[in-house]
Amino acid sequence: MTTMKKTIAAVLAASLLVGFTPSGAVKADGAASTRNILIGAAAATLLIVNHNRQVHEKYAQDAQAQASLAAQRNDAQAAYSSEKKANSNLQVAISELKKEVATQHDMITAQNHQLAMMKSSTVGSPNYSTSARVATAPQKPGVSSPQTVAVVSYGWGTI
Amino acid sequence: MKSRRVILAALLAVVLAGCSSGPAADRAQKLADDATKAVYNDDMAGLTANMNAALVPTVTRAQLGDLSDKMHALGSYDGLTPSGTDSLKSEYDFKAKFDKGTWTVMIKLDGDGKIAAYRVAPSSTGG
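Line by line, the protein sequences give chains A and B. Under this note's numbering, the first residue of the first sequence carries the number 1, and numbering increases by one thereafter. Under this note's numbering, the first residue of the second sequence carries the number 1001, and numbering increases by one thereafter.
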């Protein structure tokens, strides 16, 4: 900004100097004065235009910075919103997982109970207690096969 | 000629003796007796000692205890006597004598001479 002021002051001083400078010893007439005034006005206009351009550029930079900050702020807001949504979804998922684990625990408990019941009932399992052929009378000479009846047998393996 | 007949008869006797299942039956009886004593005494190790690998896992302590209780209900165990043989199937039946009755003990041996099946059942004459 100081550079701008110095520039404006220098240009004004130059225009004044131009205005005060004698246009010529021989031709010190009204035309030269009019020319000097026009040059000074043009220089002032140029300075003003240049200043305005720089001001607008500064405004643009500020606006861009603000826009960037706003974008960052918006991004942060969006990120926060996404995080919040993700966290909410995670909590729901965790809740569902807890339910699933509880259900599986119940299933395991029920299966353990069934397994215990099966183990306790193996005494009466078909493999252990099943029908078998048993001779009803001692074998007689000449009889190839004994007369048998089916009775309940206990043990392991198949005969 | 007479001596030839004697020799033939002797050879035939030797062949028949070789074909008989005497040693196998004796082994089966010993295995059945040992297994029955193990069951009576509720001895899991003794029962499964002569069983093959496929049969051992099927034996549970609950079943052994149940069968041991059934045998004890018949009184003391007095041993086995052979009652039937199916040598083709390697199946052997015995009468197990108890104080209060007789049960049938059936065992089946595998190719290695191990017990592939062991079952007991009340006989028609007792138990």
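Note that these hints are calculated values from the structure, not bench results. In this text, a Cβ means the ideal position worked out from N, Cα and C, and glycines have one as well. A couple of the hints might just be wrong.
Some but not every residue of chain B turned toward chain A, in silico, with C-beta under 10 angstroms [unchecked claim]:
# : residue
1 : L1047
2 : L1074
3 : Y1077
4 : L1088
5 : K1108
6 : A1117
7 : R1119
Selected chain B positions facing chain A (Cβ under 7 angstroms, derived; list incomplete) [unchecked claim]:
#  : residue
8  : M1044
9  : L1055
10 : P1057
11 : T1058
12 : D1112
**Report entry** Hints not upheld, ascending by number
**Finding:** Hints 2, 3, 4, 8, 10 and 12 not satisfied by this model.
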